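**Student:** So the chains spell out like this:
2 protein chains.
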Amino acid sequence: MTYNFSAGPAVLPKAVMEKAQAEFTDYQGLGYGIMEASHRSPEFTAVIETAEKNLRELLNISDDYAVLFLQGGASTQFAMLPMNFAQGKTVDYVDTGSWSSKAAKEAKLFSNVNVAASSKDENYSYLPAIADWNLSDDATYLHITSNNTIFGTQFHEFPQVDAPLIADMSSDILSRELDIDKFAVIYAGAQKNIGPSGVTVVIINKDFAAKEQENLPAMLSYGTHIDKDSLYNTPPTFGIYMIGLVAEWLLANGGIKAMQEINERKAGNLYAEIDADDFYSCPTNEANRSLMNVCFNLATPELEAAFIAEAKTKGLVGLKGHRSVGGIRASIYNAMPEVGVQALVDFMKEFRVNN
Amino acid sequence: MTYNFSAGPAVLPKAVMEKAQAEFTDYQGLGYGIMEASHRSPEFTAVIETAEKNLRELLNISDDYAVLFLQGGASTQFAMLPMNFAQGKTVDYVDTGSWSSKAAKEAKLFSNVNVAASSKDENYSYLPAIADWNLSDDATYLHITSNNTIFGTQFHEFPQVDAPLIADMSSDILSRELDIDKFAVIYAGAQKNIGPSGVTVVIINKDFAAKEQENLPAMLSYGTHIDKDSLYNTPPTFGIYMIGLVAEWLLANGGIKAMQEINERKAGNLYAEIDADDFYSCPTNEANRSLMNVCFNLATPELEAAFIAEAKTKGLVGLKGHRSVGGIRASIYNAMPEVGVQALVDFMKEFRVNN
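Residue numbers (my numbering), protein chains in the order written: chain A, 24 to 378; chain B, 24 to 378.
For reference, chain A alone in the conformation it holds in the complex:
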């Protein structure tokens, strides 16, 4: 048995992978795969409509919001957001890691960016307290990254602010209950918790979206995609199909509430093992620890390399920390089963005894 702790693209639910495999070359008796079907066909129309409907049900998304399936990853959203909504205007960004920082960098091409808070001073090992953020009076929006994949931090509460709130939730969307109405825009590259890479899910308030800049290139305008229900041009059809299957699997397994409980148990199990003594240590401020990406260190880089190598022989893979920080990182998204986390915890105990 292999357990894949990759940060993304990441493990997908086993039942989803098996279903997609079974109908890969013959989708529901069509005689060919859904990958080979026209994006205007009745079969794919049902796929994309169902994927959207399931996401709406999972996250309780009202009709005030559009749910879009776009391309280009969160990195494209970094540019589209200021391009659509804040050209020449002031925007607030909270800098909690590499991705926040890249988002702010793109915004600087179009907007007056105020970095309202940053934890760069301590290598992003904590999240600046919301009460201390230096917010602008006239921000067009406030941008945050809800979970920082590389550094293993996660917002467990969200700011209550006047400015429209925009969140990059690439690495924790669908992992916990969420009040969508608190946000103007939520966006997420699918490849961590929703599906394969190549699709970006955007949940956007329609009133907010209506304020977009005029004369944008069609593909870079949210309005285009809202008007055409993500079918302005050929969308990444197979990725959307996979998202639909993942959403169906979540609904069949108790939805987001059940998933959140499991995610809390998985992360609790792993952090408890890390905290058991000084053999393992977690670089992240305890109150800000992520339930999705659990980062930890051993005494030396050599011991960490030995841990990673030996874990691999036990079928525990994808544990190497991001190249910018090193150490160990276990990404334990929705699709990582509890037995996978338990196998890692068991190995951690064994490795401690032997080293």
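Hint data in this document are derived by calculation from the structure and do not stem from the laboratory. You may find that some hints are simply not true.
Just so you know, same-sequence chains aren't split out, so a pair can sit in one copy or run between any two.
Only pairs whose alpha carbons sit at most 20 angstroms apart, straight line, appear in this in silico SDA-like list of lysine to any residue [claimed, not checked]:
| no. | residue 1 | residue 2 |
| --- | --- | --- |
| 1 | 125 | 255 |
| 2 | 125 | 241 |
| 3 | 335 | 368 |
| 4 | 337 | 50 |
| 5 | 76 | 276 |
| 6 | 131 | 159 |
| 7 | 42 | 54 |
| 8 | 205 | 178 |
| 9 | 335 | 372 |
| 10 | 372 | 276 |
| 11 | 205 | 72 |
| 12 | 37 | 50 |
| 13 | 125 | 250 |
| 14 | 251 | 329 |
| 15 | 112 | 238 |
| 16 | 280 | 329 |
| 17 | 234 | 329 |
| 18 | 42 | 66 |
| 19 | 128 | 237 |
| 20 | 37 | 48 |
Since we're looking at a predicted model, the values are computed, not measured.
Position chain B against the provided structure of chain A, taking the given hints into account.
**Tutor:** Below, chain B alone, put in the same frame as chain A:
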């Protein structure tokens, strides 16, 4: 047996679909699918490098060119090209159909667009003769659409011009031999002749690319993707894997030269049946007929609807013409086997006799 004549997303080679299915949940003994592997993993690194190598071999692409795997479809290229290379400059566009026209429309947001020729006057049923194009003296580039999916026309020779030549080859790349060195940029949405939707292949001359506009959003700069070998952010990994398999299949089946011969036979067979008498008619100027998208009409829309419905009962699907023009369209890309075209021709004969 089902034969899928969809214009795109379109049929993929049967052998490719079966291979992808076989290793969908366990890629080469990895214990999980390539879709679930990190884009920085050795496994995916080999996938993307091999896909690029195979495309270079198939099209004889020199090191003067970068081969990129991007997102957003041809529609995103429509904007990226003028944004990168022609802000405030003059560009020539040849208008041979809906896609050419959309490309020019996006360019107008950034550039002074000269429509050098157009066949809109006769509903795009022909291609304006190259000798008659009204080219600018100082065009930063000349843009053409090599094959017009909706109207069934295709350039069988390319213009020899001073300006850098850019071609949207979404619907005929890899279908025929090509002298890459004649082009500054070739781009193609993958979903017709290369792989699934969600990946755009861009072949770009590096010297030309070096002239790009400064201070572009990272994802909208060709330079970003050239510098990072298409791995600036998470690419559409599964789509790239599929492209690699398709390219491998093409190489194993004689490469582009063999494919061109087969494509000529397939199209020849179909046009011969259309031309046999007046029961079927082809709206396209004979010299400009596409080898990829064969458009034809019957006497009335009612008869066309009956043709499409009856064809479907015989396993011949995806034959409805684009909603903007109606009629019948058989898309016969590389992956459509000769027996599939023969089955369609047999049905056409039968339908003629019975109606």
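**Student:** Go through the copies and call it for residue 234 and residue 329: within, between, both or neither, with a Cα cutoff of 20 angstroms.
**Tutor:** Answer is neither: 53 angstroms inside a copy and 47 angstroms across each miss the 20 angstroms cutoff.
**Student:** Could you figure out if residue 337 and residue 50 sit no more than 20 angstroms apart (CA to CA) within one copy, between two copies, both or neither?
**Tutor:** between (36 angstroms within a copy, 18 angstroms between copies)
**Student:** As a check of your reading, is residue 131 near residue 159 (CA-CA no more than 20 angstroms) within one copy, between copies, both or neither?
**Tutor:** within (15 angstroms within a copy, 36 angstroms between copies)
**Student:** Given identical chains, is residue 128 near residue 237, meaning Cα to Cα at most 20 angstroms, within a copy, between copies, both, or neither?
**Tutor:** between (23 angstroms within a copy, 14 angstroms between copies)
**Student:** Indicate which option fits the pair residue 205, residue 72 if close means a Cα-Cα distance not exceeding 20 angstroms: within, between, both or neither.
**Tutor:** Neither, since 25 angstroms and 43 angstroms both go past 20 angstroms.
**Student:** First find the shortest C-alpha distance between residue 125 and residue 255 inside one copy, then the shortest across copies, and answer within, between, both or neither for a cut-off of 20 angstroms.
**Tutor:** The answer is between: 12 angstroms across copies meets 20 angstroms, while 28 angstroms in one copy does not.
**Student:** When no copy is named, should residue 125 and residue 250 be tagged within, between, both, or neither for a Cα gap of at most 20 angstroms?
**Tutor:** Classified as between: cross-chain Cα gap 17 angstroms, same-chain 29 angstroms, threshold 20 angstroms.
**Student:** What label fits residue 335 with residue 368 when the C-alpha limit is 20 angstroms: within, between, both, or neither?
**Tutor:** within (14 angstroms within a copy, 55 angstroms between copies)
**Student:** Taking 20 angstroms as the upper bound on the Cα-Cα distance, should residue 42 and residue 54 be classified as within, between, both, or neither?
**Tutor:** Classified as both; 16 angstroms inside a copy, 17 angstroms across copies.
**Student:** State whether the alpha carbon distance between residue 251 and residue 329 is at most 20 angstroms within one copy, between copies, both, or neither.
**Tutor:** Intra 52 angstroms, inter 30 angstroms, cutoff 20 angstroms: neither.
**Student:** When no copy is specified for residue 37 and residue 48, does a C-alpha distance of 20 angstroms or less occur within a copy, between copies, both, or neither?
**Tutor:** Both. Shortest intra-copy (19 angstroms) and inter-copy (8 angstroms) distances satisfy the 20 angstroms Cα cut-off.
**Student:** When Cα atoms must be at most 20 angstroms apart, do residue 42 and residue 66 count as within-copy, between-copy, both, or neither?
**Tutor:** within (16 angstroms within a copy, 23 angstroms between copies)
In this structure, the hints that do not hold are numbers 10, 11, 14, 16, 17, in rising order.
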